[in-house]
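Please model the complete structure; the sequences and the hints are all you need to start from.
Start counting the sequence shown at 0; every next residue gets the next number (numbering that gives the first Met the number 0).
Derived from the structure by calculation, the hints contain no laboratory data. Don't be surprised by glycine CBs; every beta carbon is placed ideally from N, CA and C. Worth double-checking, as some hints may not be accurate.
Claimed, not checked - Derived Cβ-Cβ restraints for the label pairs, each shown as a range:
{"id": "1", "residue 1": "Thr176", "residue 2": "Arg19", "range": "36 to 42 Å"}
{"id": "2", "residue 1": "Lys87", "residue 2": "Arg120", "range": "24 to 30 Å"}
{"id": "3", "residue 1": "Pro214", "residue 2": "Val4", "range": "19 to 25 Å"}
{"id": "4", "residue 1": "Lys75", "residue 2": "Ala41", "range": "23 to 29 Å"}
To be verified - Dumping the calculated SDA-like pairs for lysine to any residue here, alpha-carbon to alpha-carbon at most 20 Å:
{"id": "5", "residue 1": "Lys75", "residue 2": "Arg202"}
{"id": "6", "residue 1": "Lys87", "residue 2": "Leu57"}
{"id": "7", "residue 1": "Lys75", "residue 2": "His59"}
{"id": "8", "residue 1": "Lys87", "residue 2": "Pro112"}
{"id": "9", "residue 1": "Lys75", "residue 2": "His200"}
{"id": "10", "residue 1": "Lys75", "residue 2": "Glu86"}
{"id": "11", "residue 1": "Lys75", "residue 2": "Thr46"}
{"id": "12", "residue 1": "Lys75", "residue 2": "Arg19"}
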Amino acid sequence: MTEFVYSPPDQPLSVIHEDRDFVIVDKPAGLLSVPGRGEDRADCLITRLRAVWPEILLVHRLDLDTSGVMVFARNKSAQGAISQQFEKRVVDKQYVARLAGLVGPDQGRVDLPLIVDWPNRPRQHVNHETGRPARTDWQVIARGQEETRMRLIPLTGRSHQLRVHMAALGHPILGDTLYATGDAMDHPRLMLHAETLALRHPRTDAALSFTAPLPF
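So, in structure tokens, the structure goes:
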């Protein structure tokens, strides 16, 4: 296996929304949400944001290879309020993915418990004895000759949940170097994008929804 070399994209911040309580940004694929281990993985989205807003606080993360909508708080009160929404699962997150092969049904749900695969970290795997509950709803958007475009709605927030669940369906996400095999791995990036994020404003409680345009 080729050794991973972190090469974050050199592109300006894509800010979708900003107010005194939080910032919504479109994270590019290939950029860490937070610093990794080692000086070579110090460049990340939160570090770039703090160059503009030094007070920025983390609320949630996206995988390195996933692009799309992320929210960061600008004060402790907002961080606590938004984090509570994530914990109570009232934040609506919708992803778009390109999957290998043709998915037969138009919609469905994957309900498979997940746990870290310790000998093969950071991989996760399905484990019905010790796994934590994990559920994903999915809807077919379009079918091509050898792939399916899907909308994925995670009902829980486990690490690599969407990637493992789609692989368990027999249709891994294209470009997934951890869970796909063969030609399905041969793509310039992981074809997974956090398209929309809907939440309540931490100060006003207004219902808000934010969208990041699809890059594929």
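Hint check:
Between Thr176 and Arg19 the beta carbon distance is about 40 Å. The supplied range of 36 to 42 Å therefore holds. The beta-carbon spacing between Lys87 and Arg120, approximately 29 Å, falls within the hinted interval of 24 to 30 Å. One distance hint, 19 to 25 Å for the beta-carbon pair Pro214 and Val4, holds here, with the actual separation near 22 Å. For the pair Lys75 and Ala41, the supplied restraint of 23 to 29 Å holds, since their beta-carbon distance comes to about 24 Å.
Straight-line distance between C-alpha atoms of Lys75 and Arg202 comes to about 12 Å, which keeps the hinted pair within the 20 Å bound. At roughly 17 Å between alpha-carbon atoms, Lys87 and Leu57 fall within 20 Å of each other, so this suggested pair holds. Restraint check: the Cα-Cα separation between Lys75 and His59 comes to about 14 Å, which is no more than 20 Å; the hinted pair holds. Only pairs whose Cα atoms come within 20 Å are accepted, and Lys87 paired with Pro112 is accepted, the gap being roughly 19 Å.
The suggested pairing of Lys75 with His200 holds, with an alpha-carbon distance near 14 Å, which does not exceed 20 Å. Distance check on the hinted pair: Lys75 and Glu86 sit about 16 Å apart at the alpha-carbon level, within 20 Å; holds. This hinted pair checks out: Lys75 and Thr46 have alpha carbons roughly 18 Å apart, not beyond 20 Å. Using a Cα cut-off of 20 Å, the hinted pair Lys75 and Arg19 holds, with the two alpha carbons roughly 12 Å apart.
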